[in-house]
Amino acid sequence: MPHTQTELTVWIGGAAGDGIASAGESFAKACSRSGYHVFAHNSYQSVIRGGHVCMHIRIGTHKVLTQGDELDYLVALNQDTFARYAKRVMEGGAVFYNTDKFKATGEGLKKDVQLIGLPVMELIGNQQMQNTALMGALMQVLGLDPQAIRELIKERFLKKGEAVITTNLEAFDKGMGHARSHFTPGGIRIGSGDGKRRPLAGGNPMIGFGALAAGCRFYSAYPMTPASSLLHWLVTYAAKTGLLVKQCEDEIASLNMAIGAGHVGVRAMTGTSGGGFALMTEAVGEAAMTETPVVIVEAQRGGPSTGLPTKSEQGDLFQLLGASQGEFPKVILAPRTLQECYDMAIQAFNLAEQYQCPVMIATDLYLAERLETFEGVDLNRIPIERGPIVTQANGAYRRFADTPTGVSPRALPGTQGTIFTAATDEHDEDGIVISDVYTNPAIRVKMMDKRMRKIGFLLKEFPKPQLDGPAHADLTLVGWGSTYQVMLEAMEALHKEGLNVNVLCLRYLWPFQTQEVRGLLERCTMTMSVEANYTGQLVKLIRMETGISIQHHLRKYDGEPFELKQVVDQARTILKTKPAESVTVSVVSDEGLPPDFSPVENPAIGAEAARQH
Amino acid sequence: MAQVKEYIGKIKPDWCPGCGDFGVLNSLQRALAELEIPPHQVQVVSGIGCSSNLPGFLNAYGFHGLHGRSLPVATGAKLGNHALTVIATGGDGDGYGIGVGHFVHTCRRNVDMTYIVMDNQIYGLTTGQASPTTEKDIRTKSTPEGTIELALNPVALALTCGATYVARGFSGENLHLAQLMKGAIEHKGFALVDVFSPCVTYNKHNTYPWFRERVYKLEDERHDTSDFRLGLEKAFEWGARIPIGVFYKVERPTYEDEEPALRSGTPLVKQPLHRNDLAAIMEDFI
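Chains as they are written, first to last, in this note's numbering: chain A, 1 to 613; chain B, 1 to 286.
Hint data in this document are derived by calculation from the structure and do not stem from the laboratory.
A quick note: this is a predicted structure, and the numbers were derived from the prediction, not measured.
Beta carbons: idealized from backbone N, C-alpha and C, even for Gly.
Check each hint, because a few of them may be wrong.
What the hints assert, rightly or not - Sample of chain B residues facing chain A (criterion: CB under 8 Å; computed from the structure):
#1 GLN41
#2 LEU66
#3 HIS105
#4 GLY128
#5 THR140
#6 SER142
#7 PRO144
#8 GLY146
#9 ALA151
#10 ASN153
#11 ALA156
#12 PRO260
#13 SER264
#14 GLY265
What the hints assert, rightly or not - Per the computed footprint, the stretches of chain B lying under chain A, defined by three or more beta-carbons under 8 Å from a beta-carbon of chain A, are:
#15 52-59
#16 206-219
#17 232-239
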């Protein structure tokens with residue numbers, strides 16, 4: 001008798017070039033269109049062909065907050081995937097594979113796990129459509145309505161013509177048919193969805209969407225994972241929406257171009273990852289000194305240096321905080337959810353223009369590239385705040401006038417009577433450089449005070465940080481950005497065990513909300529940080545700004561996202577043992593590789609892919 | 001014609017007496033006046049260096065940015081509001097040293113703007129080190145036994161990278177220089193005006209008399225500015241005779257002409273912030 005759950009997890013793995021992402025996206029989208037909530041994370045490598053790729057897709061009849069730890073069904077497009085994960089498939093689940101590719105045995109598999117081999121060549125006479133056939137088998141065994149996938153196949157091959165659509169639909173049907181006649185329905189089933197067709201997106205498209213909603217008209221960037229998909233998403237809409245997307249020679253040019261566009265009055269943005277941001281560093285200060293609005297997206301990946309190009313990490317907080325010489329107002333936002341990616345992108349443009357300073361949006365690969373369902377955004381209420389802009393000269397115009405808020409009304413080039421020069425040298429209220437021959441300590445102090453005064457007003461724009469969960473708990477999980485949802489899910493799991501936990505996950509990182517964060521932390525019983533880095537960067541920032549030390553720490557810097565179990569287990573341990581001394585634990589994901597695995601001695605993955613193509 | 005004085009900025013130039021950059025500033029003011037471009041429609045962008053202080057001395061919108069980064073800022077400004085006349089200015093260290101990557105790509109992009117380089121073949125503001133255009137074997141503060149590297153050839157580089165108007169002037173020839181600048185500003189596309197602008201303080205080799213003995217005007221020899229190969233050949237002429245004038249000029253669609261976001265012709269800055277196509281985009285997420 002199949003066991004019906006409120007959620008289930010499917011992994012699709014193989015070599016890069018096997019089409020994992022597109023198969024996984026089709027499955028995810030079919031589910032999101034069929035009334036299920038979806039969360040998918042693609043674990044991939046930095047090679048175009050041959051590297052190991054595995055997409056983790058969790059679907060639920062309720063909101064699913066993470067990719068999930070457990071594996072119900074596995075689609076193994078190569079032997080390597082089978083060897084790594086087949087033994088982890090839960091009782092009653094199944095492993096799907098192409099019998100032309102490798103031989104599989106049930107050895108080591110859990111009880112009642114079906115091995116569903118598809119003789120692809122015999123069935124459809126074409127290896128190129130193996131994914132389509134396997135999807136058919138998957139939908140059949142899961143007992144899901146195949147209509148959504150059939151619809152997606154039609155959409156995907158629309159431009160290629162009727163014949164291609166027909167062939168693919170046939171391959172899909174044959175995969176389904178074969179599974180129906182040769183195998184039994186899967187032992188793990190999911191209840192019916194609610195019928196709602198939900199939007200499905202990642203953090204990057206949501207930031208892009210927010211930028212468009214905010215009236216962004218200029219995006220300049222140099223390709224870098226995991227920010228490239230923001231470039232790709234935006235350029236898809238460029239011609240249609242009148243957004244100018246400029247691929248630049250490097251990230252230095254990217255930010256400088258965005259600053260040029262911002263200077264003339266266009267809402268402009270650039271996006272990159274840590275390495276590219278390092279190159280942009282000097283121009284961050286340029287935007288601040290010339291008081292030019294600009295938005296910078298930094299999608300973090302594993303560092304240092306080239307690091308882990310296709311893996312996630314929260315390792316750049318101090319790079320963002322310390323970017324560029326000298327002291328100046330800047331904003332660092334760290335959205336925690338898709339909704340916040342959209343909302344905070346809009347807010348970023350507003351803050352950048354209202355306060356005429358650089359605004360940085362810090363995400364990471366895990367948030368930027370995930371696929372998750374969301375409930376849709378309110379397109380009727382998009383707040384656009386530009387700050388003061390002078391359109392007509394009214395007496396002598398002073399571009400950098402000293403004002404009570406530190407914000408000087410802007411004039412856009414082209415306006416009559418408001419001519420000024422914006423200089424990166426220190427300058428006076430008129431914009432006249434004081435650093436060369438006229439250096440005047442009093443003016444220097446006045447101008448510094450003017451710019452820095454904005455910080456206090458910026459802080460007032462930020463909503464207060466909130467605890468999630470009960471107001472009082474025995475343990476507070478503390479984090480920032482993308483780890484929010486795993487902390488929330490861990491909290492729920494711990495509540496079910498009768499443990500009293502809450503969550504403080506920050507999204508406004510700079511200027512720091514010292515009073516508010518201190519106020520919340522002072523009331524906490526025990527605290528444990530959850531950060532995807534080695535040194536605990538948020539912990540350091542909190543201590544620096546509030547004087548409060550988070551007591552215990554859970555860290556991860558292997559590039560893979562936190563697993564729910566890892567957070568739950570460590571929180572439980574801390575709650576049960578109440579250690580007097582600070583405890584720091586690092587957790588690692590099990591990717592099914594021996595610790596001494598060498599890619600030099602094991603070229604099999606790449607070689608197999610090479611043979612196939 | 002507009003008055004030159006309309007283009008004179010609030011600040012007196014702080015260059016050394018006799019600096020070549022005075023001639024460049026004067027020529028630019030004259031060119032703008034002759035073209036009758038209102039000062040508020042001009043955006044000048046510079047980097048860092050003695051010559052990059054120029055925007056403050058000119059009555060026009062200015063952006064005095066980072067060392068070597070004038071061209072990307074100018075590009076962003078032009079793409080953001082292509083109704084503006086955008087002029088980037090700077091020196092040889094700024095444009096051909098630290099910023100040469102941007103120079104190469106800006107040439108091939110053909111954005112409709114003008115780049116004026118005050119080339120004094122030395123680093124002036126940092127007190128006399130070798131620059132990318134310092135000639136070989138020249139002794140400078142950073143090369144006491146003479147430079148080892150070959151000098152970069154800006155004219156040849158611009159030509160091979162696709163610039164559509166490539167000229168060289170001499171700040172000792174003010175009127176001629178103003179004409180070159182006028183041509184550059186009027187030209188639809190990326191125009192380089194490399195200017196011999198002697199540094200009287202730190203370059204004791206490439207002096208006014210040194211140039212006066214050598215420079216000649218290409219137009220006096222009926223140079224064909226439409227001949228790319230000939231222009232390139234002339235770019236390598238150096239020594240006893242050094243050409244100034246327009247080396248090459250060609251009409252090619254500008255970046256703005258071909259940019260899909262600018263098809264409507266309305267500058268980005270004039271386009272509304274609120275948009276009505278968001279619901280359709282949202283549908284694509286489903």
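Results for each hint:
Given the 8 Å rule on beta carbons, the hint for B/GLN41 holds: about 6 Å separates it from the nearest Cβ of chain A. Interface restraint check for B/LEU66: the shortest CB-CB distance to chain A comes to about 5 Å, inside 8 Å, so the restraint holds. Among the interface hints, the one on B/HIS105 holds; its C-beta lies about 4 Å from the nearest C-beta in chain A, closer than the 8 Å criterion. A distance limit of 8 Å between C-beta atoms decides the matter here; for B/GLY128 the minimum to chain A is near 17 Å, and the interface restraint is violated.
For B/THR140, the shortest C-beta to C-beta distance to chain A is roughly 23 Å, which exceeds 8 Å, and the interface hint is violated. For B/SER142, the suggested interface contact is broken, since its CB lies about 22 Å from the closest CB of chain A, more than 8 Å. Below 8 Å, beta-carbon pairs count as interface contacts, and B/PRO144 has none with chain A, the closest being about 28 Å; its hint is therefore violated. Interface hint at B/GLY146: violated, since its Cβ lies 31 Å from the closest Cβ of chain A, which is beyond the 8 Å cut-off.
For B/ALA151, the suggested interface contact is broken, since its CB lies about 23 Å from the closest CB of chain A, more than 8 Å. A hinted interface residue such as B/ASN153 counts as satisfied when its beta carbon comes closer than 8 Å to some beta carbon of chain A; here the least separation is about 20 Å, so the hint is violated. Hint on B/ALA156 is violated. Least Cβ distance to chain A is approximately 20 Å, over the 8 Å limit. Because the beta carbon of B/PRO260 sits about 4 Å from the nearest beta carbon in chain A, less than 8 Å, this interface hint is met.
Annotation: B/SER264 was flagged as interfacial toward chain A, and the flag holds, the nearest CB pair being 7 Å apart, inside 8 Å. Interface restraint check: B/GLY265 against chain A, minimum CB-CB distance 11 Å, threshold 8 Å, status violated. Counting residues of the segment 52-59 of chain B whose CB falls under 8 Å from any CB of chain A gives 4; the rule of at least 3 is met. With 0 residues having a beta carbon nearer than 8 Å to a beta carbon of chain A, the segment 206-219 of chain B misses the requirement of three or more and the stated coverage is violated.
Beta-carbon proximity to chain A at under 8 Å applies to 0 residues in the segment 232-239 of chain B; the threshold of 3 is not reached and the given coverage is violated.
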